[in-house]
Amino acid sequence: MPESSLVKDGRSSSVEYGASPLRQFSQSSLLLHRNSYMLGTFCTEHNVQQCLSHINQEISSLGLPPVWTESGNSSELNIVAVLNCMYDLIQLHRRGLRTLESMEVEQLKSSSNIDHLQLTITRLKEQLELSKRENTGLLERERQLQLKAKSLQSCLKNEKEEVQKLQNIIASRASQYNHEMKRKEREFNKLKERLNQLLVDKKEKKQAIDVLNNIGRADGKRSLWKTEKTEAKHEGEMYKTLLSDYDARQRELVLENAELRKVLQQMKKDMVSILSSRKPAVKSDKPEHSGVQARSEEEEEEVFDSSKESVELYCVHAREKLTNSIRLQWRRLKSHVERLDSQASLVQMVESKDTDAVPQETQEEEMDRLKLEIQQCKDFIQTQQQLLQQQLSSPCDEETASLLSNCYMLQEKERLGEEWKTLEEQRKIFERERKNFTEAAIRLSHERKAFEEDRATWLKHQFLNLSPFADSKKTPLLKSKSAFLISAETEAPEKLIKCHSDTASPTPRCVPLASASTADLYRTLCLIPENSSVQPKTNGEHVEESSMFCGDVFVQHQQWEHSEDHTPSQEKNSSI
Amino acid sequence: MNFSEVFKQSNQLCKVSPDGKYLATCVQYRLVVRDVSTLQIMHLYTCLDQISHMEWSSDSLFILCAMYKRGLVQVWSLEQPDWHCKIDEGSIGLVSSRWSPDGRHILNTTEFHLRITVWSLCTKAVSYIKYPKACQKGIDFSRDGSYMALAERRDCKDFVSIFVCDDWHLLRHFETETQDLAGLEWSPNGCVLAVWDSCLEYKVLLYSLDGRLLSTYSAYEWSLGVKSVSWSPSSQFLAIGSYDEKVRIINHITWKKIAQFEHPATVESTKTVYKEVERRPAVGTDEMSLHNITTGSTLFNTQSKYEICSLPVQIPVVKPDPDRANPKIGVSVLAFSSDNHYLATKNGGFQVHSLNWHCSDNSLILLGKEQLCLCYMETDEEDK
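Line order of the protein sequences matches chains A and B.
Using my numbering, you'd call the opening residue of the first sequence number 1 and step up by one each time.
Using my numbering, you'd call the opening residue of the second sequence number 577 and step up by one each time.
Bear in mind the hints are in silico, worked out from the structure with no lab data behind them.
Just so we're clear, the structure is a prediction, and the values are computed from it rather than from any experiment.
Careful: at least some of the hints might be erroneous.
[Said to hold, decoys possible] The calculated lysine to aspartate or glutamate pairs, modelled on EDC-like cross-linking and capped at a C-alpha distance of 20 Å, are:
1) 182(A) x 756(B)
2) 584(B) x 611(B)
3) 184(A) x 687(B)
4) 591(B) x 678(B)
Kindly generate the complete structure, drawing on both the sequences and the hints.
Below, the structure is given as structure tokens:
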């Protein structure tokens with residue numbers, strides 16, 4: 001009920017207070033309604049006092065005079081105060097509404113202002129953009145125009161310079177022309193004067209030559225009349241000189257051409273060889289080399305052909321072929337070198353371990369090896385130098401120095417000395433023996449003579465006494481024994497010398513006795529050496545030696561007669 | 577270097593005979609012939625007037641003395657001093673006179689270059705050649721003396737006539753493509769004739785002996801052109817010195833430029849540069865009397881010292897007056913050494929009159945107005 005009373009009051013108040021604030025009130029009344037709904041449950045019959053006190057508090061907090069005073073225990077409200085309060089409240093409410101309205105209006109205004117401003121901002125931003133773009137465009141244009149202006153200025157300067165130059169040229173030419181003209185005018189004047197003079201001058205001096213006597217021509221020949229033949233001869237001579245000059249020039253050019261051709265061929269060969277030697281290393285790299293290979297094979301054929309073609313190169317086509325092949329090789333070589341360069345640079349920049357790095361690595365290895373070698377050599381040189389220094393600078397006195405200087409050779413010197421001594425002894429022995437032998441030779445020559453005589457008589461005897469008588473034989477044998485010993489002695493020195501010179505081979509020439517008639521002599525005499533060796537001789541060891549020798553000789557001869565055998569020589573050697 | 581005593585001469589007419597035995601000098605109107613080794617006077621001849629030009633014949637038997645004012649030429653014989661020959665050109669005047677290569681003909685150029693008269697000393701015959709051109713070098717004999725090239729001008733056009741010196745038979749006569757022919761020169765092998773235009777146009781034309789044009793060479797246009805031309809002794813190169821201070825060398829096979837040498841004011845790239853540092857006359861002490869000074873201070877006593885300058889060297893250049901004609905700039909003298917190794921050039925207005933190589937090519941003589949300089953070349957060294 002208080003709800004409805006309040007509602008009623010609200011309505012009545014709304015009806016009561018006119019239509020003008022009706023709209024607002026209707027709005028606010030709606031609000032109040034809502035509020036009143038909430039506030040409807042504020043006051044009940046039970047909490048009237050509390051509500052009163054509460055409302056009093058609220059009113060006083062709003063600054064209005066209190067509605068209800070607690071002095072009187074009458075629960076009657078001071079209606080005037082309440083009405084006043086209500087009126088105040090309503091005024092307050094209206095004022096609030098008005099401010100609210102005005103604020104709303106202001107807010108609307110400001111929002112519309114904001115919108116407006118935003119619009120203007122966007123518009124202005126666009127304008128700014130536009131103008132910026134225009135500005136850059138204008139700047140660009142200005143720059144271009146400046147450049148153009150500069151170039152035009154330089155053109156202008158050039159043109160001015162050229163104009164100046166041309167003016168100078170014109171000036172110099174003009175001065176030259178003037179000079180020439182003046183000169184010609186002067187000459188013309190001179191001519192005129194001369195002409196006048198000649199016209200006036202009656203006496204005319206003629207040309208004349210006055211020679212004592214004619215002199216011969218320089219080449220001693222008589223001068224010829226001018227005839228067509230001489231003219232033709234002159235023409236001919238002229239052409240001859242020209243032709244000889246052209247000939248000489250052509251010869252020089254041919255030689256030059258041949259040289260150049262040779263050089264080109266050589267170059268081509270070198271290039272082909274270089275490229276073909278690099279081919280195996282390059283083969284593994286890329287497949288595009290297959291084309292190169294095919295071409296290089298062609299080139300190899302060409303190389304072989306061109307060596308035969310030296311004569312045919314005089315033909316234009318062959319020349320072109322040569323130059324084209326050279327160009328091709330050169331291009332290939334160039335591309336190869338470029339590739340190598342790029343490879344090297346790549347490897348320098350990036351340390352990768354693909355096949356491209358192989359050449360680099362080998363290079364490094366090489367370099368290391370070379371460095372090591374250099375170091376070793378240097379060390380070697382150092383040590384040598386040190387040793388040399390030591391040698392030169394070692395402070396020793398003269399004796400030790402002299403000793404030391406010879407110390408390296410000492411052993412060898414001693415050995416040399418010993419050998420020298422032995423050699424000297426041998427030499428002495430040989431000299432002695434030689435002396436002996438020469439004496440023996442002299443003696444033997446005498447004895448030989450005697451022997452020859454003996455022999456002759458013995459042969460005569462033999463011939464005469466062909467009948468075999470044992471007694472008579474003995475006597476010649478005995479006779480001849482000495483004779484034969486003499487012969488052996490005479491031949492021994494020969495043999496000795498010959499043995500020394502040629503010990504290995506049998507020397508059958510020593511005793512030139514190979515006649516059939518003396519075969520008996522040999523056989524019989526074979527027995528003699530044994531006899532002779534037993535018998536004492538007057539000459540002593542010399543004779544023994546010689547007998548030994550002669551024994552060997554005869555053995556040898558026997559052997560030689562029957563068959564060649566090396567054993568005698570060995571026996572001979574051993575005996576010696 | 578030893579110098580002989582001083583002999584008088586006039587007009588710088590002092591020539592050694594081609595066979596090297598005699599020295600002829602002209603003193604006013606006298607001709608003095610001396611022996612080269614002893615410098616004793618062998619012959620003395622007297623001419624009718626002051627001698628303007630003197631020339632030995634090629635076989636060293638005759639001497640030509642020309643007196644331009646009187647229009648006379650007198651020829652003297654060395655073998656027979658009594659022999660005389662006088663050529664009088666008469667009213668037509670004489671401008672230049674020279675021997676022919678066989679030493680038996682005299683070519684006289686008349687005044688105004690009206691014609692060239694060829695006098696024969698063997699037959700007393702006369703020939704005339706009309707319209708020779710008056711230019712820097714209008715006449716040239718080939719080295720073996722068989723041909724003569726003569727520049728002519730008719731109808732405002734240049735022509736070249738080639739004569740056979742034997743009998744003065746006209747072999748060829750052709751027009752050249754020059755504006756104003758300035759000179760012509762035979763190559764040493766006698767097969768090519770180089771013809772160049774005046775300095776207003778840079779043009780060098782090469783004609784073969786039979787008159788065909790072989791090639792034209794023109795380095796640039798409009799500026800002043802060729803100043804001097806020289807063949808190398810082997811006829812392989814032609815050196816052209818021009819007013820732009822450069823020497824261009826063209827080769828005989830393609831007639832194209834193969835080398836170009838410049839004469840910059842700052843020398844940077846040569847091997848050695850010699851600079852004359854001192855020139856002090858040998859006047860020593862105060863005790864020198866006047867007599868001593870007059871006898872002592874001759875040309876031979878000024879001493880010069882040369883030092884080697886370090887590169888780059890700035891050469892003092894005198895800028896010539898560009899308004900004058902024939903300015904003193906450009907390469908004016910060229911000289912090849914006889915083994916074709918060296919080329920000596922003179923650029924600018926230096927007071928060097930001639931450059932000559934010694935026949936052994938190891939030294940170069942520079943003749944100036946007042947001094948002479950002998951430059952020895954060592955291997956691997958060059959002089960500037």
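Is the Cα-Cα distance between residue 591(B) and residue 678(B) 20 Å or less?
holds, 18 Å
Residue 584(B) and residue 611(B): Cα distance at most 20 Å?
Within the cut-off at roughly 16 Å; holds.
With a cut-off of 20 Å on the C-alpha distance, tell me whether residue 182(A) and residue 756(B) pass.
Status holds; Cα separation ~16 Å.
Given the hint that residue 184(A) pairs with residue 687(B), test it: the Cα-Cα distance must not exceed 20 Å.
holds, 14 Å
Every hint from the earlier list agrees with this structure, and none is contradicted.
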